[in-house]
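Quick mapping for you: the protein sequence lines, in order, are chains A and B.
Be aware that the first sequence starts at 189, since it is given in the working numbering, and climbs by one per residue.
Be aware that the second sequence starts at 818, since it is given in the working numbering, and climbs by one per residue.
Hints should not be assumed to be uniformly reliable.
Claimed, not checked - Simulated restraints on C-beta separations:
| hint | chain 1 | residue 1 | chain 2 | residue 2 | range |
| --- | --- | --- | --- | --- | --- |
| 1 | A | Leu501 | B | Ser857 | 17 to 23 Å |
| 2 | A | Tyr665 | B | Ala846 | 47 to 53 Å |
| 3 | B | Arg856 | A | Arg511 | 28 to 34 Å |
| 4 | A | Leu616 | B | Asp855 | 53 to 59 Å |
| 5 | B | Val841 | A | Pro809 | 56 to 62 Å |
| 6 | B | Arg856 | A | Ser300 | 34 to 40 Å |
As the list claims (entries may be wrong) - According to the in silico footprint, chain A covers these stretches of chain B (three or more CB under 8 Å from chain A):
| hint | region |
| --- | --- |
| 7 | 840 to 851 |
| 8 | 857 to 868 |
Stated by the list, open to error - Going by beta-carbon spacing under 10 Å, a handful of chain A positions derived as facing chain B:
| hint | residue |
| --- | --- |
| 9 | Phe216 |
| 10 | Arg362 |
| 11 | Glu363 |
| 12 | His365 |
| 13 | Phe434 |
| 14 | Asn440 |
| 15 | Arg441 |
| 16 | Val443 |
| 17 | Tyr446 |
| 18 | Ile450 |
| 19 | Val451 |
| 20 | Phe453 |
| 21 | Trp462 |
| 22 | Thr622 |
| 23 | Ala679 |
Hints listed in this document are in silico derivations from the structure and should not be mistaken for laboratory results.
Just so we're clear, the structure is a prediction, and the values are computed from it rather than from any experiment.
Idealized CB from N, CA, C, for every residue including glycine.
Given next are the chains, with one letter for each unit.
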Amino acid sequence: MSVILTSPTAVVPRTIPTVDEQVRTEQFAYDNAVVRQFAVATAFWAIVAFLVGLMIALKLVYPAFLSGLPFLSYGRLRPLHTNAAIFAFAGNAIFVGVYYSLQRLCKARMFSDRLSAIHFWGWQLIIVLAAITLPLGFTTSKEYAELEWPIDLLIAAVWIVFGWNLLGTILRRRERHMYVSIWFYLATFITVAVLHVVNSLELPVGLLKSYSMYAGVQDALVQWWYGHNAVAFFLTTPFLGVMYYFIPKASNRPVFSYRLSIVHFWSLIFLYIWAGPHHLLYTALPDWAQSLGTVFSVMLIAPSWGGMVNGLLTLRGAWDRVRESAVLKFMVVGVTAYGMSTFEGPMMSLKNVNALTHYTDYIIGHVHLGALAWNGGLAFAMLYYIVPRIYGTKLYSERLANVHFWLATLGILFYAIPMYVSGITQSLMWQQFTPDGVLQYPNFLETVVRLRPMYMLRAGGGTLFMLGGLVAAYNLYRTARQGTFIAAESAEAPPLVAQKRAPLSAWHRRLESRPVQFAVWTFASVIVGGVIEFVPTALVRSNVPTIAAVKPYTPLEIEGRDLYIREGCVGCHSQMIRPLRAETARYGDYSKAGEFVYDHPFLWGSKRNGPDLHRIGGKYPASWHFVHMKEPSATSPGSIMPGYPWLYDSTLDTSHIEGKIITLRRLGVPYPEAFERAAEANLRAQASSVAESLTRGGMPANADREIIALIAYLERLGTDIKAAPSAAATAPAAGTGGH
Amino acid sequence: MYKDILLSITGIETFPVVSLLLFVTVFTAVLISVVRMDRSHAQALAMLPLDETSSVRPVGEAPR
Numbered sequence: 189m190s191v192i193l194t195s196p197t198a199v200v201p202r203t204i205p206t207v208d209e210q211v212r213t214e215q216f217a218y219d220n221a222v223v224r225q226f227a228v229a230t231a232f233w234a235i236v237a238f239l240v241g242l243m244i245a246l247k248l249v250y251p252a253f254l255s256g257l258p259f260l261s262y263g264r265l266r267p268l269h270t271n272a273a274i275f276a277f278a279g280n281a282i283f284v285g286v287y288y289s290l291q292r293l294c295k296a297r298m299f300s301d302r303l304s305a306i307h308f309w310g311w312q313l314i315i316v317l318a319a320i321t322l323p324l325g326f327t328t329s330k331e332y333a334e335l336e337w338p339i340d341l342l343i344a345a346v347w348i349v350f351g352w353n354l355l356g357t358i359l360r361r362r363e364r365h366m367y368v369s370i371w372f373y374l375a376t377f378i379t380v381a382v383l384h385v386v387n388s389l390e391l392p393v394g395l396l397k398s399y400s401m402y403a404g405v406q407d408a409l410v411q412w413w414y415g416h417n418a419v420a421f422f423l424t425t426p427f428l429g430v431m432y433y434f435i436p437k438a439s440n441r442p443v444f445s446y447r448l449s450i451v452h453f454w455s456l457i458f459l460y461i462w463a464g465p466h467h468l469l470y471t472a473l474p475d476w477a478q479s480l481g482t483v484f485s486v487m488l489i490a491p492s493w494g495g496m497v498n499g500l501l502t503l504r505g506a507w508d509r510v511r512e513s514a515v516l517k518f519m520v521v522g523v524t525a526y527g528m529s530t531f532e533g534p535m536m537s538l539k540n541v542n543a544l545t546h547y548t549d550y551i552i553g554h555v556h557l558g559a560l561a562w563n564g565g566l567a568f569a570m571l572y573y574i575v576p577r578i579y580g581t582k583l584y585s586e587r588l589a590n591v592h593f594w595l596a597t598l599g600i601l602f603y604a605i606p607m608y609v610s611g612i613t614q615s616l617m618w619q620q621f622t623p624d625g626v627l628q629y630p631n632f633l634e635t636v637v638r639l640r641p642m643y644m645l646r647a648g649g650g651t652l653f654m655l656g657g658l659v660a661a662y663n664l665y666r667t668a669r670q671g672t673f674i675a676a677e678s679a680e681a682p683p684l685v686a687q688k689r690a691p692l693s694a695w696h697r698r699l700e701s702r703p704v705q706f707a708v709w710t711f712a713s714v715i716v717g718g719v720i721e722f723v724p725t726a727l728v729r730s731n732v733p734t735i736a737a738v739k740p741y742t743p744l745e746i747e748g749r750d751l752y753i754r755e756g757c758v759g760c761h762s763q764m765i766r767p768l769r770a771e772t773a774r775y776g777d778y779s780k781a782g783e784f785v786y787d788h789p790f791l792w793g794s795k796r797n798g799p800d801l802h803r804i805g806g807k808y809p810a811s812w813h814f815v816h817m818k819e820p821s822a823t824s825p826g827s828i829m830p831g832y833p834w835l836y837d838s839t840l841d842t843s844h845i846e847g848k849i850i851t852l853r854r855l856g857v858p859y860p861e862a863f864e865r866a867a868e869a870n871l872r873a874q875a876s877s878v879a880e881s882l883t884r885g886g887m888p889a890n891a892d893r894e895i896i897a898l899i900a901y902l903e904r905l906g907t908d909i910k911a912a913p914s915a916a917a918t919a920p921a922a923g924t925g926g927h
Numbered sequence: 818m819y820k821d822i823l824l825s826i827t828g829i830e831t832f833p834v835v836s837l838l839l840f841v842t843v844f845t846a847v848l849i850s851v852v853r854m855d856r857s858h859a860q861a862l863a864m865l866p867l868d869e870t871s872s873v874r875p876v877g878e879a880p881r
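Looking at chain B on its own, in the form it has when it is part of the complex (with noise of 0.2 Å):
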């Protein structure tokens, strides 16, 4: 049944060979792009978790 939904796609034959060009593509892109990434701007990112919007601090921790 499903078979049958899936041989209907014109081309699937290729989906596999796409997707693995994307991938590698993808992977290469990603491995550039890092190797070139700005180090402040990443340490930058790298603190968001410690931005303190809330006005509530745990009892004992000195306000930042």
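Isolated chain A (complex conformation) (with noise of 0.2 Å):
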């Protein structure tokens, strides 16, 4: 028995000559069962991430709501709902697209069913551990990549099981041709664990706490070359993948162009590895490394129109389907939130744009565009599609699917239009003078009291969205309900060994029927760009100019450090100030690279909700800050901040300090031999001045408690470089006061 390939349009022969009509066809089943585990992991923690995204809205509109519980303070839940969002549903997803659609394209069951029970299940840990040590403080406190060193560690082994299924599942196919969307997965695999990996070089100082082996703008430039390609090679490759595979499929209709195809693919992965210094313009980055990331940020807008348009003239002449079908209007929602993000990126990425959006609401707007029409659109458009079928049956309510569209739809739009106006209304705020010269605004709580209705509308947008969520899962139950699962679905293909090879004229057709080597030169093509962007910089020693009064921070103000990185400060408050004028006015002197030569890890922040904090050492007595951190309205009116009365209560934990300076030391910190053992008495001494002080100025304070800590570090930030360099030249290289 021979496959008869037959095509619906029947416009397209089929010309490859694949089929030895005398050879039998092998008989096989899809595994749809971990289809349909990924599945309801996707929808599960789809909820969870917006459950914790809405709570996190709600507390920039009431501070109050839900505060005093260290565990559920905002600079902790931010980077858990980041993680749900990204790696628990996106991620899921991403894996129910990719074991339903490989397997079909590949005419093959998975490589190893007990891999892709490994892969689940040690996902599904991975997302537990982080829901357990996010909200506990244990932070290394880079975006998207906060998990601490275990868990870091977990993720590879359940990456490379990952990828040894893909890569099994490809090499055992019965369809010669590697299929678009197999490149894109198979990109995502190499280059996920590629960035995960060199991102994630940490020093251990126990089970929970690591330094990030880099310091300052290495450390920010290898961060944002992970965090912007983590959006590229996990939010955008593998959707685009799911994209190739799933419009053809609900439209009927094969892709536009094969051939722009083929160009996305190369120019996107060659591309966006480079474009990630765009997220550090106007830094202390070297001034080379922002150009390049500006460059290549706005070549990047061919590529990624060129998918976009690719996807949506597939639907040219079945755009009435679109508007039956609920899966294609997500799918068209979807790749046009695609388009329309992809353009805001490179716009963001020139140096006088992003003086106006960064730092700003307007990055919430423009990833919430990206993530929740984008990757929740191709996500929920994917179970629209996959679960009837994987049940045998059809979706319970197409009409329910219609009020989820337009649910996620009007929530999208009232999210990201308040963060638009948000981020522009404080932007300009920020940089308002008088006609004197001087800033309108100098309080910055008066860019904040402003954005009040804004944050509220957004809240009243993600409950849109969620809603939506809800009604998806209910639609998608009731359907599961009414069929009858089918966990091995029957198939039949000839084997590869008896297909006939095609000519192999052209490079890239032999290529497309290799994927080891197609791996390979994947590999190659996201190398280059890091290896050209981190090499110079990590080696020539002048584009980090040392400045000589910058000294390693005090045995108190690292554990003070340590307390600003587990209760998420990072989240709210940048360390960066640009040299812009209104910059310099508001913060003070302009942040220079040398100043950070000894931050492991950097802390430079990608948001002000609040003000910038690198200068802010010297501006505030001990005393203002005492109050103020137990409850920020008592000394500033109207704030959004929380407060955090646990660091009045808690004794500082200062088991770890010695170890703490053994690893810094390690990581090319200059302490002197043998500081680790005077480590502790030095914090005691420290902190005793700074409770001291607090004392005369009317606040009895224990001197061993981690608010303490936490002030020696604010007083400490940002006021090496006033010091005067020869002073500095005579002063101990880890003094006990550091300032």
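If you follow the hints, you should be able to join the two separate chains into one complex; please do so.
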């Protein structure tokens, strides 16, 4: 028996001589069980991610909402929200798409059911560990890479299992040519592996504490090379693979231009990897690296829009179906949002636009347009397509799916538009000078209270989107209930060895039928950009001019800094003053690369819900911080910052200070030999002096409380550079006061 | 620490140049190959997702 390959439109003759008519086909079964597992996980974690997002959105409107509990504070929940949205919701959705489409495109069952199971349960374990450790304050503070080193190792192991299963399936395929979706999946696997390993290089201090291998500028460069490419290779390429498979399936017509998809693929993976520095414009990053980031970001419009056009034009002549099918509606809105986001991105990479939008809510609008419409849209479209099929039934209610579509679309609009308005409002207020040449809104709070209505609207938009998600979960559950699950879907195809090889004239055609070579080329492509950007910055000393006055942190300041990291202060406060008049007028001297050479990890931040803190040291007395941190509205009426009362009750854990000094010295921080043995005494002495100054100011404080360490760190921030170089040269390498 | 490892690689300063040349070469090669690609072959590849090998079809969908 032979397989008859017919096309639905019957306009395209199949010209690849693939099937030897004499050979019998092989019977096998697609594994739908793992697809169902990932689908259930996608729906579940979607609701969790949306719920945590809504909680932190409400906290920005009502700071008292769920306040007073350390594990529910904004700073700790924000990374939980981003990780849940990216790795739990979008991550599981990716695996739904890959496991469903890969088997069918390869005409083969997944390589190993055991690997599929390890992958599924391993991934869920990682998510659960994240959901436990992040609220407890165990974080590296590097955005979207917050998980501590043991979980990083687990991620690497599970990712390898996924890749092994992916490559094994591809190698055992019954279809010689790898369809474009598979290339995107391969690129995803390879690049995420590289990104994760390089960005997570850290030296452990304890089981759940580590310091980044890199410091300051280099840490920032690696982090945003990672952060940007996590968006590229976790939130873009796998979803493009999904788009290239599911739009043709749902509309029953081939992709608009296969040739365009080849250019799309190679140019996208080549260009994306270079664009990371656009997250660091106007910062202390060397200028040439910033410019490189801008140029490649602008070039990225071409492949991104090529992909969008390719997806949308696939529906040419089938737009009537979009009106009826919720699957296609979500796809169209998703792909359109992809086009909008990938236009915004390059525009914001232009320095003048970036000066306006960076650190503002505009970015929050931008990422949610991508996450909710593009990733969310494609994920839900995929679920609506797959679930009825693996249950051998129809969608329970097309009407409910349409209700979901409108709730989601309105939710996205009510989310993104207020954020755009809010972002531009705050930016313009930050930069507004009076005719006399002074800041019109010198008090940062004035710019915060103005945004409250926008934050309320945003919470409303998020609620709509979450309601849509609940409707979807119900609809999919009812769909499953009315059908019968087909765990093993039988299929048949001739084995690859029996198929004649196509005449391999063009090299790309050859490449498409050789997955290992293909993977190697993809690997080479993504390494290129990283190497060009990173090697010179890492090696050329002149890129980071050293400043003699900049000294390592004292033991107490290290502990304070680690508390700053634990509480997620970096989620709302930057430590990077850009060389712009509005910023130097507000915060003080702009930040220099040399000031961060001992910062493992860097804490530049990416968002200003509150003011920049790089020059906060010396701005207020310790007593101000003491009052402010307990109840921010006491010193700053109208502040949306939550209080941190637990820092006043908890005793500072100093048991790791010796290990911290040793670890940091190993990373290149010049603490004198044997300093670790004096560290504890040094810490106590400085803590007593801070407590005494508080007591003198009428605020009796215990020297052993966490708040003392945090105040010591805040008081130190950005002050080194003010010290006269000659005086600093004679100061001890790790002075007792540090300032 | 990691700088020492990087610096110990002989000729690392040429890596960026090699990378740039590789990028330009591959990009040009892809463009040329795509422009010269056989149209019918491309169309056949585009049909790959629509090959049905499974016996299962959703309710209400006609067999192709």
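Hint numbers contradicted by this structure: 22
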